[in-house]
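S.K.: Whole structure, please, built from the sequences with the hints as guidance.
Next come the chains, spelled out residue by residue.
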Amino acid sequence: MSHSSSATHAQQAEIFCRDESRVDWHSKALWLMREKRDRAAGSIPEWEQLRQLGSEIKLHTLTNLADLLQQFEANCQANGIQVHWARDGKEHNQIVHEILARHQVKKLVKSKSMLTEECHMNPYLEERGIEVIDTDLGERIIQLAGQPPSHIVVPAIHMKKEEVGDLFHEKIGTEAGASDPTYLTRAARQHLREQFLSADAAMTGVNMAVADKGAVVVCTNEGNADMGVNLPAVQLHSMGIDKIVPNLDSAAVLLRMLARNATGQPVTTYSSMYRGPKAGGEMHVIIVDNGRTAMLQDKILAESLKCIRCGGCLNTCPVYRRSGGHSYSYTIPGPIGIAVGGSKDDTNSIPWACTLCASCSGVCPTKVPLDKIIHHHRRLKAEAGQLPYGKANYMPLVGKLMGSQTAFNCSMSMARGALKILPGSLLKPFAGAWGKYRELPVAPKSSFEHWYKNNRSE
Amino acid sequence: MKIALFIPCLVNQLMPDVAVATLELLEKLGHEVIFPKGQTCCGQPMTNSGCYNEARNTTMKLLNSFKGVECDAIVCPAASCLVAAKENFHEFDDSPEAEAVIAKLYELTEFLHDVAPIPAFSKAFPHRISLQMSCHGVRMLGLASGSEFMGKPFNKVEAILAKIPGIEIRYPERKDECCGFGGTFAMDEGAVSAKMGKDKAWFHANTGAEYVVGYDPSCMMHLDGMIRRQQLPVQTRHVAQIINAAL
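Note that the protein sequences, when read in sequence, are chains A and B.
Going by the numbering used here, the residue at position 438 of the first sequence is 438; the numbering climbs one at a time, nothing skipped.
So the numbering used here is basically just the index in the second sequence, starting at one, shifted up by 1000.
Keep in mind that the hints were calculated from the coordinates and are not lab data.
Among these hints, one or two may not hold up.
Calculated lysine-lysine pairs in the DSS-like style (CA-CA distance at most 27 Å, straight line) [to be verified]: (1) K1175(B) / K1163(B); (2) K367(A) / K1152(B); (3) K372(A) / K1104(B).
M.R.: Okay, here's the thing in structure tokens:
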């Protein structure tokens, strides 16, 4: 898959764009979610105030992160929850494995967690003999297909129902050629029911960790987190340090926006709060840093930790919709993926998978300044000598040319001449990506400067 | 008012008609218009690529061309360049002289809406136009509320153009979705940029408009190239050209 490849975003996107009808289908499906979001957000008169409040709550939280995390830990412990701290993905996976091994867990059911994707937990546990079953329908689909998620809320959005039908036929024995969504969903439900009943432990991600209650909030539409957690004795919840909120009032503000901004629903079907182990059971919360503290050190990057993972920025992103989630080198695609994964991007290209249109920043429920963060990543890459697409070579030349008016005017007048004299077919190869997809500009007779000299200068 | 024109390099070299229209319309409105010498690129292609060192010289050269120029306002017919100039001037020069220049910077429609409104149009423009609401004008300059925004909507560009007799204003589907130009993005991410441009060109053409009208010349150049490649029956115009024709 794309994730193990070192191809640039532009290369991956170019492959995705070869099937234009598929691009149209993908773009439209996600734009539909944007439209639903607009209707849901627009139905709340105080929406913009809510965004401001959401932003301030998260800024307050990040400013007081250490205290709130400690408060959360103490309150969890008072509720009988065991709290673990993981510096990075590797430590997280080790902690999880240790807990599961202690209970001789053979099968773990898991509801959606982008954090465990970030930590690459599934392969780690599978290598150690533990079967991990993703129970969110979309996640189960991509797990059966052996693919990473292409979206943080609708992870299988890149697959058409016919493709899911073929996959289910092969993997869980549905009828050949069947692609009716209701039929396929029922089959998945039956298949997952067996997994739930035979699991030894359950794991979920965390949408919000409420500091003053020592409790975690988990949101799903399918009830799969609750079905998982309420059956086996051992339950685990993995969270990034950025998931903390001070109290339930804060959680309520974010919950009013989360589902509306994600899918246009007023609220997720299930928004559950877990605040202690079941009788005779164990509840573990694993708190993960994995680079987040480092991001906090940079004033601009820090704001990306305000994100509540609604996915609204992906749905509106014109580049994401036309390049697909698998074109990004980082686990999380789209604007927020660039923001939180830009520093980890060894293709040095995802910060440039963006036109800086800033629609993402306008959609964001906690006002993460995504376009500014993405722009900042470009600067960081440039300063680190990690520019893509030949920029390190041509940018100094452009800068020099533009800085010298005489040289610039000279070359532009030559370019105007060339545009007028030479036939388009001859110029196209020299115009690179421009001429490949678009007609070249029609050359004017002269520059404005020249016109001004002839018509207005005294 | 005495107005200094800020004509971005792209407009100067490839779209001089836009600059001429800007100058003429401001003169028709009774302003004294000057064109300070020595202008060049605002540095946006470099800073948007992260290359700040490479942008310094050209940005400073542009800024210096306005320092000490006697005028009430500096007006630019390109929203994206205007935003970049403001940001880059700040970035490289925090002197009072630089601040004085920055405080006078206006994008053309912003100037015509906020500072010196047009009293009346004397000619009709009996055509259907499709407005190209380019990103930086909307989301950075506040020429209009973005479609994402749920507060009270506003649109300064429409407010100006709607007063022209006979004009019929339409919007493309996905009203203010990016056209895909994005500066060097058009070259770096050719396939995605082209698909965005193609979609935008068709959405404009689907309104049945004769003209796609915008305030950002670089987006218009990209759309023009796409419209001609797709052979769509619509032409691109800058707002300055429409306003000038109606004065």
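S.K.: So, for every hint listed, does it hold in this structure?
M.R.: Hints, one by one, checked against the model:
no., hint, in the structure
1, K1175(B) / K1163(B), "holds (21 Å)"
2, K367(A) / K1152(B), "holds (18 Å)"
3, K372(A) / K1104(B), "holds (24 Å)"
Checked against the numbered hints above, the structure violates none of them.
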